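In order, the protein sequence lines correspond to chains Z and U. 1 is the number of the first residue of the first sequence in this note's numbering; add one for each residue after it. 1 is the number of the first residue of the second sequence in this note's numbering; add one for each residue after it.
Calculated directly from the structure, the hints in this document are not laboratory data. Check the hints yourself; a few may be wrong.
25 Å max Cα-Cα, derived SDA-like pairs, lysine to any residue [what the hints assert, rightly or not]: (1) Lys101/U with Val213/Z; (2) Lys101/U with Val443/Z; (3) Lys101/U with Asn294/Z; (4) Lys101/U with Asp354/Z; (5) Lys101/U with Glu151/Z; (6) Lys426/Z with Val399/Z.
Take a look, some chain U residues computed to stay more than 10 Å from chain Z by CB distance [what the hints assert, rightly or not]: (7) Met1; (8) Val2; (9) Val17; (10) Ser48.
These figures come from a predicted structure and were not determined experimentally. Glycine included, every Cβ here is placed at the ideal spot set by N, Cα and C.
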Amino acid sequence: MFTTQTFASILPEILILAIGLLVLVFEPFWKGEQRRNAGWLTAGGLFVSMIICLLAGRPGDPEMTLGGMIRFDWLGFFLKMLFMFAAAATALLLMDHDRAGKRGEAYLLLLASLIGMNLMASSADLVMLYLSIETASIPLYVLSGFLLDDERSTEAGFKYFLYGTLASTIMLYGFSLLFGFSGTTDLYGIAGALASGKIPPLIGFGIVSLVVVGLGFKVSIVPFHFWAPDVYEGAPTPVAGFLSTASKAAGFAVILRLFFVVFPGFDQIWTMTFAVLSAVSMTVGNLLALPQTNIKRLLAYSSISHAGYALIGVVGFSQFGAASVVFYLAAYIATNLLAFGIVMAYSRITGIEDIREYAGLSRRNPLLGLMMLAAFLSLAGMPPFGGFIAKILVFAAGVQANYIWLVVVGIINSIIGLYYYLNVLKFVYLYRLPNEDEDRHPVPLTQPYMIALVVLVLGVILIGTIFAPFFNWSDAGAFNLF
Amino acid sequence: MVPHSWYLILAAALFSVGMFGVLARRNAVAILLGVELMLNAVNINLVSFWRYSDVFSMSGQVFSIIVFAVTAAEVSVGLALVISMYRRRNTVIANDVDMLKF
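Take these sequences, add in the hints, and give me the full structure.
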């Protein structure tokens, strides 16, 4: 029963667990400033683990391991690498956080959540799926409310928990009906039961709706988005970055597997549902982002609209559509982590999150200003950054599936988005401090920020220029889905 | 033997009662209780589906046990968050938790 393939299929999780144990063992021996070394350990360990997995843990043909709980394929593998990359960057950004960076448990919770996300990307069984979704969520509730002496952080954790449990319980009710009517918990077995007409269409529609609520919460699409701005604003900034990228991408991984594999028989219903939700998410997210003055809230609404764009690929319901979603997630993870990293680096020095107070950043730290330009133009979908190619691909998938109206809505929304992204850059580049003495107010970057931000900028530019390998990996993953 | 549909109706009713509790109550602990009711409805569903289909396949039982375990973890984290909220703000009423808003 246990073969090398079994271990290869959960190699990333085993390595993450080992890193977590190392953090636990070493953390008590570090004193004072040394305690931030847990961040180096986490990020370095994840980097080494990624290399080991790329060398030794690559999947071949799709294969069920661990009694059908895990499906070992390229989709899961590529997404796992993305999540580990995101967690490594988050650990680096967390290191110089004043109140969370010197506490080993923050990194441990991050790693625990990462294990859950990795399993979400590859689970092929309802039980495993539910367990992995909760493993990913529960540490994030704690991380959002991590700053016990900060009223906004405790409130963020509280709200995220209440919304999160409700959404996951509703989804679980859907899972229980799915199990009951098909008689199996294996996703591919359920697909067979659905294809043979074992589930009446009305029940099927109910199950799809229940599942959409839970997953819609995870990826924060309208109308399940209420938690996102509050939680992103209150949570420690690196955690908010992690929530808006890896957690969202893990939700999309589950959406892809569940809807493409299990519900192809109901595609009329759910593609239309997702098309409407996608249009509403893009529009509401972008319009609500316009009047924001807090940069984290602005990024939260922008992330809601980005979930809408990525959904266009899901609506496409084809191999190309799935590949475009995965590619979109890769570009979005790099871009949004970069944006949140810059916000973190700036507010750490200045304590400011108001957009108007970003005046003169380009003179206070030219490099940081330039990175912000890259991040926000990529979010807006400008070449040569990753966001541009990603948007092209999802729009192409939408056109291919004959959802022209949805693509038109998406393009109009990209233009609205451009306005508020450029509005932030206006303060960064055109405005100056009141006394024009930017030289005396530098914004220095510490070493971990420098490493994380430069790697993320390179990622954003690479995905936008040399996009063929990334698309090939996404396509290999999408191919394995069917 | 009791018809299977009775169990499903009981579960659906319990789920609805829990949902009403979550949406209508303002005390955070009461909201948690509502979530608990909903999770119990799920467990009734799972166990009854197991009992009325293939009894030798254990997946329904295993699923419900895992739901128990996860619920325990979730609620302990939730109560911890409610307590940290109470220490900071001296309230567990969800309506009063309104610092972060548009």
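Comparing the hints with the structure gives:
Simply put, Lys101/U and Val213/Z have alpha-carbon atoms about 22 Å apart, close enough for the 25 Å limit, and the pair holds. Proposed proximity of Lys101/U and Val443/Z is contradicted: the alpha carbons are some 29 Å apart, above 25 Å. Straight-line distance between C-alpha atoms of Lys101/U and Asn294/Z comes to about 11 Å, which keeps the hinted pair within the 25 Å bound. Straight-line distance between C-alpha atoms of Lys101/U and Asp354/Z comes to about 15 Å, which keeps the hinted pair within the 25 Å bound.
Between Lys101/U and Glu151/Z, the direct Cα distance comes to roughly 13 Å. Compliance with the 25 Å bound is thereby established for this hinted pair. Proximity of Lys426/Z to Val399/Z is assessed by CA-CA distance (about 34 Å); at most 25 Å being required, the pair is judged violated. With a least CB separation of 17 Å from chain Z, Met1/U remains clear of the 10 Å interface cut-off, as annotated. With 10 Å as the threshold on Cβ separation, the claim that Val2/U sits away from chain Z holds: the shortest Cβ distance comes to roughly 16 Å.
Separation of Val17/U from chain Z is adequate, the least Cβ-Cβ distance of about 13 Å exceeding the 10 Å criterion. A beta-carbon of chain Z is positioned within 10 Å of the beta-carbon of Ser48/U; the least distance is around 8 Å.
Of the numbered hints stated above, those contradicted by the structure are hints 2, 6 and 10, listed in ascending order.
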